[in-house]
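J.: Protein chains in written order, with this note's numbering: chain A, 1 to 333; chain B, 1 to 333.
The hints are simulated quantities; they were obtained by calculation from the structure and are not laboratory data.
Each hint can be trusted.
The calculated label-pair distances, taken between Cβ atoms and stated as ranges, are:
{"#": "1", "chain 1": "B", "residue 1": "60", "chain 2": "A", "residue 2": "113", "range": "55 to 61 Å"}
{"#": "2", "chain 1": "B", "residue 1": "200", "chain 2": "A", "residue 2": "298", "range": "51 to 57 Å"}
{"#": "3", "chain 1": "A", "residue 1": "169", "chain 2": "B", "residue 2": "202", "range": "47 to 53 Å"}
{"#": "4", "chain 1": "A", "residue 1": "300", "chain 2": "B", "residue 2": "60", "range": "42 to 48 Å"}
{"#": "5", "chain 1": "B", "residue 1": "60", "chain 2": "A", "residue 2": "11", "range": "47 to 53 Å"}
{"#": "6", "chain 1": "B", "residue 1": "60", "chain 2": "A", "residue 2": "141", "range": "23 to 29 Å"}
{"#": "7", "chain 1": "B", "residue 1": "282", "chain 2": "A", "residue 2": "58", "range": "32 to 38 Å"}
{"#": "8", "chain 1": "A", "residue 1": "298", "chain 2": "B", "residue 2": "282", "range": "36 to 42 Å"}
Cβ-to-Cβ under 8 Å is the rule here; a few derived chain B residues that face chain A:
{"#": "9", "residue": "255"}
{"#": "10", "residue": "257"}
{"#": "11", "residue": "258"}
{"#": "12", "residue": "260"}
{"#": "13", "residue": "265"}
{"#": "14", "residue": "266"}
{"#": "15", "residue": "267"}
{"#": "16", "residue": "270"}
{"#": "17", "residue": "272"}
{"#": "18", "residue": "273"}
{"#": "19", "residue": "278"}
None of the values given here were measured: they were computed from a predicted structure.
Quick reminder that beta carbons are idealized off the backbone N, C-alpha and C, glycines included.
There are 2 protein chains.
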Amino acid sequence: MKNRQIILAERPAGVPDEDTFKFLESKVEEPKDGQVLIRTHYVSVDPYMRGRMIDAESYVEPFKVGEVIQGGSIGEVIESKSDKFKIGDMVMGMFGWQEYYLATENEVRTIDTSLAPVTTYLGILGMTGLTAYFGLLDIGKPKAGETVVISGAAGAVGSVVGQIAKIQGARVVGIAGSEEKISYLKDELHFDEVINYKTTDDIAVDLKQACPNGVDVYFDNVGGEISDAVMSQLNTFARVPVCGAISSYNLEEIDLGPRVQSLLIKKSALMQGFTVGNYAERFPEGARQLGQWLQEGKLSYRETIKEGFEAIPDAFLDLFKGKNIGKQLVKLI
Amino acid sequence: MKNRQIILAERPAGVPDEDTFKFLESKVEEPKDGQVLIRTHYVSVDPYMRGRMIDAESYVEPFKVGEVIQGGSIGEVIESKSDKFKIGDMVMGMFGWQEYYLATENEVRTIDTSLAPVTTYLGILGMTGLTAYFGLLDIGKPKAGETVVISGAAGAVGSVVGQIAKIQGARVVGIAGSEEKISYLKDELHFDEVINYKTTDDIAVDLKQACPNGVDVYFDNVGGEISDAVMSQLNTFARVPVCGAISSYNLEEIDLGPRVQSLLIKKSALMQGFTVGNYAERFPEGARQLGQWLQEGKLSYRETIKEGFEAIPDAFLDLFKGKNIGKQLVKLI
Chain A
1 MKNRQIILAE
11 RPAGVPDEDT
21 FKFLESKVEE
31 PKDGQVLIRT
41 HYVSVDPYMR
51 GRMIDAESYV
61 EPFKVGEVIQ
71 GGSIGEVIES
81 KSDKFKIGDM
91 VMGMFGWQEY
101 YLATENEVRT
111 IDTSLAPVTT
121 YLGILGMTGL
131 TAYFGLLDIG
141 KPKAGETVVI
151 SGAAGAVGSV
161 VGQIAKIQGA
171 RVVGIAGSEE
181 KISYLKDELH
191 FDEVINYKTT
201 DDIAVDLKQA
211 CPNGVDVYFD
221 NVGGEISDAV
231 MSQLNTFARV
241 PVCGAISSYN
251 LEEIDLGPRV
261 QSLLIKKSAL
271 MQGFTVGNYA
281 ERFPEGARQL
291 GQWLQEGKLS
301 YRETIKEGFE
311 AIPDAFLDLF
321 KGKNIGKQLV
331 KLI
Chain B
1 MKNRQIILAE
11 RPAGVPDEDT
21 FKFLESKVEE
31 PKDGQVLIRT
41 HYVSVDPYMR
51 GRMIDAESYV
61 EPFKVGEVIQ
71 GGSIGEVIES
81 KSDKFKIGDM
91 VMGMFGWQEY
101 YLATENEVRT
111 IDTSLAPVTT
121 YLGILGMTGL
131 TAYFGLLDIG
141 KPKAGETVVI
151 SGAAGAVGSV
161 VGQIAKIQGA
171 RVVGIAGSEE
181 KISYLKDELH
191 FDEVINYKTT
201 DDIAVDLKQA
211 CPNGVDVYFD
221 NVGGEISDAV
231 MSQLNTFARV
241 PVCGAISSYN
251 LEEIDLGPRV
261 QSLLIKKSAL
271 MQGFTVGNYA
281 ERFPEGARQL
291 GQWLQEGKLS
301 YRETIKEGFE
311 AIPDAFLDLF
321 KGKNIGKQLV
331 KLI
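Bound-form chain A, shown alone (with noise of 0.2 Å):
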């Protein structure tokens, strides 16, 4: 039975593109003791990937050149030599970018598909919806009537942030860069105001419009002069998780802007950098407060699921494009 991988054949500069990835085919092995082989139905293609890309030191370690592209993924067991799966179980794990997986058991978890859609567990009930969840309620922690201002808003990170800050009472105001993303957060997310950052004259103007009592929170997912516009506009004791720079990821010179610190003390705001693993301890709390809400219908989700193994590089480039709303996957079979 053959395999088909996808491995990083060389670190990209700039955009990855054709040179970046390669395609293999290999042999499926057998399962041995304590081992299940998956097949992947699903892959989830993520922008903090781009980050591993690169051979530097960060959060978690780069991809190595020659290797499968790690990433979350959800398949079937197909074999099992463990006690605890069988034939037939869903399972969720890093299977990467490759169309089977043989796992140990310890890096396998099972997901109830009674509860919630399989690709949930990808998404909302996943670590996107995790992420959104403890950076914006441990880092952010909006009031009732404060201001939270997210970039990235119609991405599967952003568009969850919106709505457990609306169940948290906050004023919502969204920016994003399509009318379909502006349509999506106003009329299905409800959104209190919605910027385009592509079409607007002037950010700063539609900010103080769509903000008129300041910005309290921001949740920044993109960095760049998009946050540079915010970011001039917090109140006094603003907090700003920082979760995402998805517009300096593919930049090949440093990425220049206006220091912070002047402003942060001014305002007495703080900005901090996390990512979702930081919290790996209170998962169990995250998750089952996300899968609450999701079933009193207070929190809705969308995603943008591309067909078939050989469009996960083009899925995963799409990220950086701002073709996505909601949570980003490949459908393999």
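Got chain A; can you put chain B on it based on the hints?
T.: Then chain B, alone, in the frame of chain A:
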């Protein structure tokens, strides 16, 4: 009786100069019921005052053109129509850059000259010491064995921060701009490592040597390129109390530097701006602890004192030339 005063003559662009300040004389008024007349002994000059000279929203109101420059001072009650103060009492308050100040009794606080020299109430036992205390302990939260880097380390705040960090058992690295300051930090305050940013070939290399285990807390008094260098060596979960950005206060152009978002994410690091006023409710706690450490000989301090009322503007401008070690004061009588 004549009162000499210094007013803000015009708002400075760039470095304040002779056109910024104007000397005036006015008549000293008699106190009414509930008022006291104070003769200024010491005037505090502080970098934050530069921020008040421009007409921009900040945590304190801008100075008004044509009005006496406000600032912390110590003086003696020379006439009193208040039950709370008697002639000869040494008091502190915001008397400003003038020889006499007519105060209502609730603007003024008696200081206990038997506990510590009067000038300490403008320095290590005053706003300066409290700034160091709360910024370091409430935001920086150094643990024993961690590395604390301080810029502006020989200044009024920095020199106290370093000593408190030592009391907490941290390894302390100071950055300063003269050999005299470096000797002071090393020989008198027993900092573990010191870097002269003016004579170093490469501050990043020096920092790496001084901080072999990276930077856990960066107490930032200066901003600019020094901070860029320190920030690039933060450890995971580092904390950065942002206290001052003196490198930028006299800039006329936008202060551009590397954006910090990606770095903060990679390191799950925190930057928090603050001003001592945020901790007003906890001043008694801070003052008590600082006083105790001072009495126990665990804290020492230096002052740089200019003599004479006319010297106030120069003493203020010296702050931006890096001339002072410890607290910069002006002694009027």
